[in-house]
Amino acid sequence: MKKSIIALALASTSFTSVAAVADFQYVNVNDVMNQIDKAEKHGAIVYRGEKAISVHNPLTGQKVVFTKNGDKYKVLDGMMVHDLEVDSRGSIVKVNGNEAHISVSIDDKEMIDSERAERDANRNSSANNASDIRKIRDELDKNSKAAYDVVEKEYTAAAKHVAKQDARITTLEQDFSKMAQRQDALENRMDKVEKKMDSVMAGVHAVTNARPFVQDGQTAVGVGTGFAGSAQSVAIGAAHSFEDSAWSMSASMNVTTGSGVKTNVSGGVGAHYVF
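Under mature numbering (1 follows the signal peptide of the UniProt record, and there is no 0), the residues of the sequence shown are numbered -19 to -1, 1 to 256, in order.
No wet-lab data here; the hints were simulated from the structure.
A couple of the hints might just be wrong.
[To be verified] Once the Cα atoms are required to be at most 20 angstroms apart in a straight line, the calculated PhoX-like pairs of lysine-lysine come out as: (1) Lys123 / Lys134; (2) Lys75 / Lys49; (3) Lys32 / Lys55; (4) Lys22 / Lys53.
[Said to hold, decoys possible] Restraint-style ranges between C-beta atoms, simulated for each label pair: (5) Val255 / Leu167: 47 to 55 angstroms; (6) Trp228 / Met171: 20 to 28 angstroms; (7) Ala166 / Val202: 52 to 60 angstroms; (8) Lys22 / Asp64: 23 to 31 angstroms; (9) Asp119 / Lys22: 51 to 59 angstroms; (10) Val202 / Arg163: 48 to 56 angstroms; (11) Ala166 / Phe223: 33 to 41 angstroms; (12) Met171 / Phe208: 19 to 27 angstroms; (13) Lys22 / Lys55: 33 to 41 angstroms; (14) Ser240 / Asp197: 42 to 50 angstroms; (15) Ser158 / Met230: 54 to 62 angstroms; (16) Glu133 / Gln155: 26 to 34 angstroms; (17) Ser240 / Ser158: 56 to 64 angstroms; (18) Arg170 / Ala232: 40 to 48 angstroms.
Keep in mind it's a predicted model, so treat the numbers as computed, not measured.
Note that beta-carbon positions come from the ideal geometry of N, C-alpha and C, so glycine has one too.
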């Protein structure tokens, strides 16, 4: 405890190495004062008061203050406060209420039981924490992999379903397009049929009105016209009745045209017998 607390506190304010300071055994208050003098020679700034001594390292900003109250001393190292008790000879007998005895020596560096136990506990705690962190990390990696696999599986299934639906929609669109084309073709055919019917009806009216009526020995010529829808037709007709005979004959010819109607020319002849 004498070295672990006091020596390391002085090491932080001294320009000498930590090992060199730590090798010094603080068994007496005078030993501490001698080490402060050495720190001052190596560049530390030392302020000495009646009941307090301040040691400051201007490079690191570290500051240690020693105060005296009867046979007790306080060491202020940053935010840490350590209490020292000395006997009538100035020997340090207690540090923070613990006996200041040296129990172990390793490579000429003395350690206090409590310091070693604390260090070992910290090491074990760090090892346990590291082990726990590794376990948590492994568990997170495992869970992340499982979650990724689930998401990827669901995404793949959804993508396949969407692709299937897209294919079905594309097929339906193609079917609708073909159906629309067939419907358009049917409408075109119906339109042509309607216009052809208009042409026929217009021609019938024209021929009917162009055929003349005759009696025995007469010959006649006639002109007729007809209309139906967008079609118009003009026809001419002729008829002859043979004298002293029951026979007669007729002929007609017509031309049909109109908006969107193909122009057609037609004609016909006939023979008639009366009895």
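Status of each hint after checking the structure:
A hinted pair counts as satisfied when its Cα atoms are at most 20 angstroms apart, and Lys123 with Lys134 qualifies at roughly 16 angstroms. For the hint pairing Lys75 with Lys49, the CA-to-CA distance comes to about 14 angstroms; that is within 20 angstroms, so the pair holds. Using a Cα cut-off of 20 angstroms, the hinted pair Lys32 and Lys55 holds, with the two alpha carbons roughly 11 angstroms apart. With a CA separation close to 27 angstroms, the supplied pair Lys22 and Lys53 exceeds the 20 angstroms bound.
The given range of 47 to 55 angstroms is respected by Val255 and Leu167, whose C-beta atoms sit roughly 48 angstroms from each other. Roughly 44 angstroms separates the CB atoms of Trp228 and Met171, a value that falls outside the hinted 20 to 28 angstroms. In this structure, Ala166 and Val202 break the distance hint of 52 to 60 angstroms, their C-beta atoms being roughly 45 angstroms apart. Under the hint 23 to 31 angstroms, the C-beta atoms of Lys22 and Asp64, about 28 angstroms apart, fit the expected range.
The given range of 51 to 59 angstroms is respected by Asp119 and Lys22, whose C-beta atoms sit roughly 54 angstroms from each other. For Val202 and Arg163, the Cβ-Cβ distance of about 49 angstroms falls inside the hinted range of 48 to 56 angstroms, so the restraint holds. The supplied range of 33 to 41 angstroms is broken by Ala166 and Phe223, whose beta-carbon atoms lie about 53 angstroms from each other. Here the CB-CB span from Met171 to Phe208 is close to 21 angstroms, well matched to the stated 19 to 27 angstroms.
Checked against the hint of 33 to 41 angstroms, the pair Lys22 and Lys55 fails, with Cβ atoms roughly 25 angstroms apart. Between Ser240 and Asp197, the C-beta spacing of about 45 angstroms keeps the proposed range 42 to 50 angstroms intact. Roughly 58 angstroms separates the CB atoms of Ser158 and Met230, a value that falls within the hinted 54 to 62 angstroms. Evaluation of the 26 to 34 angstroms hint for Glu133 and Gln155 yields a pass: the beta carbon distance comes to about 33 angstroms.
For the pair Ser240 and Ser158, the supplied restraint of 56 to 64 angstroms is violated, since their beta-carbon distance comes to about 30 angstroms. The given range of 40 to 48 angstroms is broken by Arg170 and Ala232, whose C-beta atoms sit roughly 34 angstroms from each other.
Violated hints, listed in ascending order, are 4, 6, 7, 11, 13, 17 and 18; each of the other numbered hints is respected by the structure.
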